[in-house]
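Engineer: Chain residues, written in single-letter form:
There are 2 protein chains.
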Amino acid sequence: MGFEIVLSARAAPLEAMLRQLLDARTLSGEIARPERLMAAMRHGVLNGGKRLRPFLVMESAALFSADGEAALRVAAALECVHCYSLIHDDLPAMDDDDLRRGQPTVHKAFDDATAILAGDALLTLAFDILADEATMLPAERRAALVLALARAAGAGGMVGGQTLDLEAERSRPDEAGIIRLQAMKTGALIRFACEAGAIIGGAAQEDRERLAEFGSAIGLAFQLADDLLDLTADAHQMGKATGKDAAAGKATLVALHGAGWARSQLNGLVGQAHALLEPYGEQAVLLKEAAKFVANRNS
Amino acid sequence: MGFEIVLSARAAPLEAMLRQLLDARTLSGEIARPERLMAAMRHGVLNGGKRLRPFLVMESAALFSADGEAALRVAAALECVHCYSLIHDDLPAMDDDDLRRGQPTVHKAFDDATAILAGDALLTLAFDILADEATMLPAERRAALVLALARAAGAGGMVGGQTLDLEAERSRPDEAGIIRLQAMKTGALIRFACEAGAIIGGAAQEDRERLAEFGSAIGLAFQLADDLLDLTADAHQMGKATGKDAAAGKATLVALHGAGWARSQLNGLVGQAHALLEPYGEQAVLLKEAAKFVANRNS
Chain L
1 MGFEIVLSAR
11 AAPLEAMLRQ
21 LLDARTLSGE
31 IARPERLMAA
41 MRHGVLNGGK
51 RLRPFLVMES
61 AALFSADGEA
71 ALRVAAALEC
81 VHCYSLIHDD
91 LPAMDDDDLR
101 RGQPTVHKAF
111 DDATAILAGD
121 ALLTLAFDIL
131 ADEATMLPAE
141 RRAALVLALA
151 RAAGAGGMVG
161 GQTLDLEAER
171 SRPDEAGIIR
181 LQAMKTGALI
191 RFACEAGAII
201 GGAAQEDRER
211 LAEFGSAIGL
221 AFQLADDLLD
231 LTADAHQMGK
241 ATGKDAAAGK
251 ATLVALHGAG
261 WARSQLNGLV
271 GQAHALLEPY
281 GEQAVLLKEA
291 AKFVANRNS
Chain U
1 MGFEIVLSAR
11 AAPLEAMLRQ
21 LLDARTLSGE
31 IARPERLMAA
41 MRHGVLNGGK
51 RLRPFLVMES
61 AALFSADGEA
71 ALRVAAALEC
81 VHCYSLIHDD
91 LPAMDDDDLR
101 RGQPTVHKAF
111 DDATAILAGD
121 ALLTLAFDIL
131 ADEATMLPAE
141 RRAALVLALA
151 RAAGAGGMVG
161 GQTLDLEAER
171 SRPDEAGIIR
181 LQAMKTGALI
191 RFACEAGAII
201 GGAAQEDRER
211 LAEFGSAIGL
221 AFQLADDLLD
231 LTADAHQMGK
241 ATGKDAAAGK
251 ATLVALHGAG
261 WARSQLNGLV
271 GQAHALLEPY
281 GEQAVLLKEA
291 AKFVANRNS
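From first to last, the protein sequence lines are chains L and U.
Per my numbering, the very first residue in the first sequence carries number 1; after that it's consecutive.
Per my numbering, the very first residue in the second sequence carries number 1; after that it's consecutive.
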């Protein structure tokens, strides 16, 4: 409970930044952005999400005394990528979902074509934000952030994982296959969130790897908790349809090994995540809370 | 005729670069990329396109004695963006086209979901290529390329233009509206192609602006020639459906002012493009040919 208040307090400046980046004003070198497209982008982004990934960027950056405004911009870029992936995932050709967080999905509120284009524009905007001198980061770090995000979001990351997920009903992946799918589909962006903090702060390579490993651990925990909820929670609690994995015949690790096993795995992952943060002492207290929150969330 | 041979000769190293970038090998920091997704990406990219935009990148870069390998990589990135936009444009929810260059479109050869994801992955890959140290460009130029491409491809550029185009059947834009739509939908990427050459070569701001203006002029010519062909050519000649604009009731400048007016405009634009290249003398001879080719092409 307490941690949700922290999350929501940290989300406030992010919402303001996202609103600023998603208004219809003309950026330099651009012609005015069409209002209907911007409205669809705002619908997909300003929707009351928990902003977990942005929180991870900002807290990880704080470990290395990074500039807060730079971290906020990078966090906003990452949230644009996360939200674009949800917009495309919800399309009739993909998961065909009508509701997200209790609201109509973008293709329901607008139309399929606008949802495709709004997703495309959000993905593009993310790289615009990262490369822009307005982040006040040296070009070397801006380029490193673009590269790391592109790797996390592309064919060998999130989009690759979504492809494997679509195939999973038919191909019935084994345990190693499920782990690979999840590490790509949801793990890669969470890993990037934590690694990005180290890049923004100009941390040593060792710290960058440590933060990335921390991100991998909580990414895995995030997915296990999600699978557990899909099995046990109801649609009202989640604000979206549940039980869909089982209905679709999709294997999850939780379905394979049971809820008791999943809870013990989650404890192990939280311990591992906390151990990785030991070098940062008291400064890492909120990131440690985040790991516990990810593992124990009930919505 | 002669110029098509030049284009096709220049396309050969680009095809090799695209093949290399689109194989299923693992990039650093990635898990293996799913083969079906990579196959869909290759289907959408390695399809016998004329590679006009890559040619413009490479020739513009040569004006500033830029490294050829760097220009080739940037050209490949731009072609990934161009091809992603075609894949998404062809979807049933958008233009609903079954054929492109005489071949089944990606969603026909695979399925809608895979086509959406292949487009997403190609857009992401473009930024991966630009930000990668493998371009051998200083970080400052890599970041500048990412930013310029994101501006050209995003809500204030190509994707914004696609949105306006979808609305055009209903909103019936006036002449200024059509010009704006076309400058965004097809003009922005062609403008970027020429400007990118100046960025790769580390040219002065004045040269960068001059090349961008050259790109704008031939972008406009490209669209006028396209509209003229849509009115006069048959489907066999174009390798895709023609007469669609008129059938959809979409206004074009050619429909408004007639074919004679369009041909005279095209002459004017070629003259303007050539004048912009005067400072570069003999070195710009192929870019001048490109401007003529764009204005006079018959397929």
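Please note: incorrect hints may appear among the correct ones.
What the hints assert, rightly or not - Cβ-to-Cβ under 10 Å is the rule here; a few derived chain U residues that face chain L: (1) 9; (2) 10; (3) 13; (4) 17; (5) 49; (6) 91; (7) 98; (8) 99; (9) 104; (10) 109; (11) 125; (12) 127; (13) 133; (14) 136.
Calculated directly from the structure, the hints in this document are not laboratory data.
Here a beta-carbon is modelled for each residue, glycine too, at the ideal position from N, C-alpha and C.
Engineer: Can you list which hints this structure breaks, lowest number first?
Structural biologist: The structure breaks hints 1, 2, 3, 4, 5, 7, 8, 9, 10, 14; every other hint is satisfied.
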